[in-house]
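Can you make the complete structure from the sequences, with help from the hints?
Number of protein chains: 2
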Amino acid sequence: MRAAVMYGAGDVRVENRPDPRIVRPTDAVVRTLAACVCGSDLWPYRSMPATGTGRPMGHEFLGVIEETGADVTALKTGDLVVAPFTYSDNTCDYCAKGLHISCRDGGRYGVDGGQGEAVRVPYADGTLVKVPAAADPVLVPSLLALSDVMTTGHHGAVTARVGRGDTVLVVGDGAVGLCAVIAARRLGAERIVLAGRHQARTGLGREFGATEVVAERGEEGIARIRELTGGVDKAIEAVGTRQALGTALGAVLDGGIVSRLGVPQYVEGAIGPAEFMRNITLTGGAGPARAYIEQLLPDVLDGTIAPGRVFDETFPLDRAPDAYRAMADRRVLKALLRP
Amino acid sequence: MRAAVMYGAGDVRVENRPDPRIVRPTDAVVRTLAACVCGSDLWPYRSMPATGTGRPMGHEFLGVIEETGADVTALKTGDLVVAPFTYSDNTCDYCAKGLHISCRDGGRYGVDGGQGEAVRVPYADGTLVKVPAAADPVLVPSLLALSDVMTTGHHGAVTARVGRGDTVLVVGDGAVGLCAVIAARRLGAERIVLAGRHQARTGLGREFGATEVVAERGEEGIARIRELTGGVDKAIEAVGTRQALGTALGAVLDGGIVSRLGVPQYVEGAIGPAEFMRNITLTGGAGPARAYIEQLLPDVLDGTIAPGRVFDETFPLDRAPDAYRAMADRRVLKALLRP
Numbered sequence: 001m002r003a004a005v006m007y008g009a010g011d012v013r014v015e016n017r018p019d020p021r022i023v024r025p026t027d028a029v030v031r032t033l034a035a036c037v038c039g040s041d042l043w044p045y046r047s048m049p050a051t052g053t054g055r056p057m058g059h060e061f062l063g064v065i066e067e068t069g070a071d072v073t074a075l076k077t078g079d080l081v082v083a084p085f086t087y088s089d090n091t092c093d094y095c096a097k098g099l100h101i102s103c104r105d106g107g108r109y110g111v112d113g114g115q116g117e118a119v120r121v122p123y124a125d126g127t128l129v130k131v132p133a134a135a136d137p138v139l140v141p142s143l144l145a146l147s148d149v150m151t152t153g154h155h156g157a158v159t160a161r162v163g164r165g166d167t168v169l170v171v172g173d174g175a176v177g178l179c180a181v182i183a184a185r186r187l188g189a190e191r192i193v194l195a196g197r198h199q200a201r202t203g204l205g206r207e208f209g210a211t212e213v214v215a216e217r218g219e220e221g222i223a224r225i226r227e228l229t230g231g232v233d234k235a236i237e238a239v240g241t242r243q244a245l246g247t248a249l250g251a252v253l254d255g256g257i258v259s260r261l262g263v264p265q266y267v268e269g270a271i272g273p274a275e276f277m278r279n280i281t282l283t284g285g286a287g288p289a290r291a292y293i294e295q296l297l298p299d300v301l302d303g304t305i306a307p308g309r310v311f312d313e314t315f316p317l318d319r320a321p322d323a324y325r326a327m328a329d330r331r332v333l334k335a336l337l338r339p
Numbered sequence: 001m002r003a004a005v006m007y008g009a010g011d012v013r014v015e016n017r018p019d020p021r022i023v024r025p026t027d028a029v030v031r032t033l034a035a036c037v038c039g040s041d042l043w044p045y046r047s048m049p050a051t052g053t054g055r056p057m058g059h060e061f062l063g064v065i066e067e068t069g070a071d072v073t074a075l076k077t078g079d080l081v082v083a084p085f086t087y088s089d090n091t092c093d094y095c096a097k098g099l100h101i102s103c104r105d106g107g108r109y110g111v112d113g114g115q116g117e118a119v120r121v122p123y124a125d126g127t128l129v130k131v132p133a134a135a136d137p138v139l140v141p142s143l144l145a146l147s148d149v150m151t152t153g154h155h156g157a158v159t160a161r162v163g164r165g166d167t168v169l170v171v172g173d174g175a176v177g178l179c180a181v182i183a184a185r186r187l188g189a190e191r192i193v194l195a196g197r198h199q200a201r202t203g204l205g206r207e208f209g210a211t212e213v214v215a216e217r218g219e220e221g222i223a224r225i226r227e228l229t230g231g232v233d234k235a236i237e238a239v240g241t242r243q244a245l246g247t248a249l250g251a252v253l254d255g256g257i258v259s260r261l262g263v264p265q266y267v268e269g270a271i272g273p274a275e276f277m278r279n280i281t282l283t284g285g286a287g288p289a290r291a292y293i294e295q296l297l298p299d300v301l302d303g304t305i306a307p308g309r310v311f312d313e314t315f316p317l318d319r320a321p322d323a324y325r326a327m328a329d330r331r332v333l334k335a336l337l338r339p
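Those protein sequences? They're chains W and U, same order as listed.
The numbering used here applies: residue 1 is where the first sequence begins, and numbers increase by one.
The numbering used here applies: residue 1 is where the second sequence begins, and numbers increase by one.
Think of the hints as simulated: they come from the structure by calculation, not from any bench.
By construction, the Cβ of each residue, glycine as well, lies at the ideal position given by its N, Cα and C atoms.
One or more of the hints may lead you astray.
[Unchecked claim] On the chain W side, residues computed to face chain U include the following (Cβ under 7 Å):
#1 267
#2 268
#3 273
#4 277
#5 281
#6 282
#7 283
[Said to hold, decoys possible] Derived list of chain W stretches under chain U, where covered just means 3 residues or more per stretch with a C-beta under 8 Å from a C-beta of chain U:
#8 97-105
#9 257-264
Laid out in structure tokens, this is it:
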């Protein structure tokens with residue numbers, strides 16, 4: 001089969017690799033219909049040391065079950081499935097709590113990437129979610145968005161405890177930030193301020209439900225958000241930089257919640273007396289996509305939400321290197337790959 | 001009147017000061033029945049630069065209304081009242097949310113301290129809570145504990161969302177930590193691990209509801225707590241040091257909550273990729289005592305909780321300097337002062 005493999009920073013190649021096969025009885029092999037490049041794929045794309053062996057890429061995909069191991073009972077050949085970005089047994093204590101991201105058996109690496117024609121998926125029953133519909137081309141992008149960006153955005157709104165009437169700040173106009181806007185709106189937020197300066201993206205954010213857009217950054221951005229809102233109840237930080245966290249902390253009211261979705265590019269951050277006296281809650285983290293796919297699926301199927309609109313360009317799999325470059329250059333918001 | 005005034009590190013004096021008077025129509029003057037020395041009073045006691053003017057001390061007291069300003073309507077001369085450790089108007093947006101600590105008009109400084117024979121209290125209607133009972137000497141210490149330590153401990157349990165069946169870690173065997181044990185038990189925690197090494201204090205912690213005590217610190221402490229519990233759901237950190245926060249972060253399960261009650265002795269702390277991937281929520285802060293006094297008062301009045309047991313020594317007001325020294329030397333857990 002053909003698959004995208006990263007050999008180092010800026011070096012993604014599409015090459016022939018062995019067809020995936022069932023290794024353990026809980027595995028399934030999925031024939032990929034659509035996959036995508038994640039913002040987090042851009043980290044190694046910018047910094048990975050050159051390697052001779054290469055690393056199969058991709059952890060977001062939608063596909064059809066091709067083969068199942070002997071212990072797989074909930075899925076059968078021909079089922080359309082969404083894959084969350086990590087695999088999980090769905091039976092351990094963490095999965096039972098809905099925290100599949102911390103699954104005792106789960107993980108993300110060591111299996112085929114999703115940016116290929118087929119994928120071996122461990123713990124298939126626990127990992128994959130069957131879609132009770134055909135692969136309607138109109139729905140494919142939004143179903144695919146459930147793999148990561150939409151469920152991650154939802155995690156931000158859930159952990160920030162967004163509710164009816166809230167004023168919510170979303171920091172970041174990337175695909176996750178835009179999906180957080182969808183999620184905040186879906187959970188009843190009344191005002192949603194989107195902090196971002198890429199006009200096409202913030203424009204989409206407005207269509208998703210953002211009521212205001214703030215392009216200023218840093219202290220100027222905080223002042224603008226406070227001027228507009230008097231301070232927000234909840235903030236969803238979907239970037240991962242110190243500056244983005246600072247904007248969120250500066251914009252929330254005392255007693256407010258800041259939920260982080262961007263993997264922190266820092267080890268320590270501001271949690272001193274100032275934040276303490278203000279009773280700021282810092283929450284969020286890597287989202288348990290598996291837990292949310294079933295919750296959000298009906299809204300995708302009936303068109304209530306259309307997170308697939310974040311895919312602004314589609315590339316055939318063989319052009320995966322172009323997809324990476326376009327995303328890295330911020331020419332493309334999120335690239336959809338078609339095997 | 002007589003009152004305790006701090007003139008610098010290690011220098012507390014009891015001296016004659018002008019009797020408090022009504023300054024604004026929303027003030028009340030309270031004749032103090034009991035007051036106490038707070039752990040946070042020990043910070044200036046250890047580090048305050050010498051000053052010629054002095055700073056009146058004390059923010060936890062119980063007393064009787066002596067006089068009220070023209071706009072005070074909810075209180076009258078002779079009422080027994082508990083004073084939360086900050087004053088608040090109880091009408092602003094923050095107070096309406098129960099976050100009196102962030103009251104737009106509130107604060108803590110610039111008025112007489114509670115460690116004196118009488119105190120002027122601003123925003124008396126909003127600040128003071130009337131006790132619907134006489135000043136029963138048996139109840140006085142527990143009523144006084146509502147000023148700060150018990151309501152602060154409760155804030156830890158509330159913000160950590162302690163609920164029935166939880167396994168909770170309390171880091172710190174000071175008065176606030178011990179009150180957090182009471183609060184966690186009261187909210188239904190099944191197991192409460194108390195991290196502390198002062199045996200008299202941890203012994204009281206066991207009487208308050210701690211099911212296990214861990215004396216080890218640092219990595220050894222974390223290992224011991226994990227060995228005992230497999231990891232805790234919630235942790236209440238009642239010290240304020242980096243090490244105490246590290247213990248809490250290390251002991252909680254993924255998806256767990258760490259609530260901080262100890263004023264951080266650091267400006268930045270660990271909120272990097274590791275904590276992010278584990279979905280740790282960091283919450284807590286300075287507690288809104290005013291919001292909780294009314295909630296906890298019935299349990300104090302009927303003897304369900306007896307947080308006043310944290311007062312292990314009573315000093316007459318004139319011996320306030322001895323009370324400070326005894327607490328600073330850790331010979332006394334919490335000193336009660338009698339004017």
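| query | Against chain U, with CB atoms and a cut of 7 Å, does the hint on residue 268 of chain W hold up? | reply | With a minimum Cβ separation of about 4 Å from chain U (threshold 7 Å), the hint on residue 268 of chain W holds.
| field | Restraint check, 7 Å cut-off on beta carbons, for residue 282 of chain W near chain U | value | holds, 4 Å
| Under a C-beta cut-off of less than 8 Å, do 3 or more residues of the segment 97-105 of chain W approach chain U closely enough to confirm the stated coverage? | It holds: at least three residues are needed, and the segment 97-105 of chain W offers 4 whose Cβ sits within less than 8 Å of chain U.
| Restraint satisfaction for residue 281 of chain W [CB to CB of chain U, less than 7 Å] | holds, 4 Å
| said: Next item in the hint list is residue 277 of chain W. Is there a CB on chain U closer than 7 Å to its CB? | reply: holds, 5 Å
| task | Under 7 Å, Cβ to Cβ, is where residue 283 of chain W needs to be relative to chain U, so tell me if that hint holds or is violated. | result | holds, 4 Å
| field | Interface hint status, residue 267 of chain W versus chain U (Cβ within 7 Å) | value | holds, 4 Å
| said: Just to be careful: measuring from the Cβ of residue 273 of chain W to every Cβ in chain U, is the smallest value less than 7 Å? | reply: Because about 5 Å separates residue 273 of chain W from the closest Cβ in chain U, which is inside the 7 Å limit, the hint holds.
| query | Given as covered by chain U, does the segment 257-264 of chain W meet the bar of three residues or more with CB within less than 8 Å? | reply | holds (count 3)
Of the hints listed earlier, there is not a single one the structure fails to meet.
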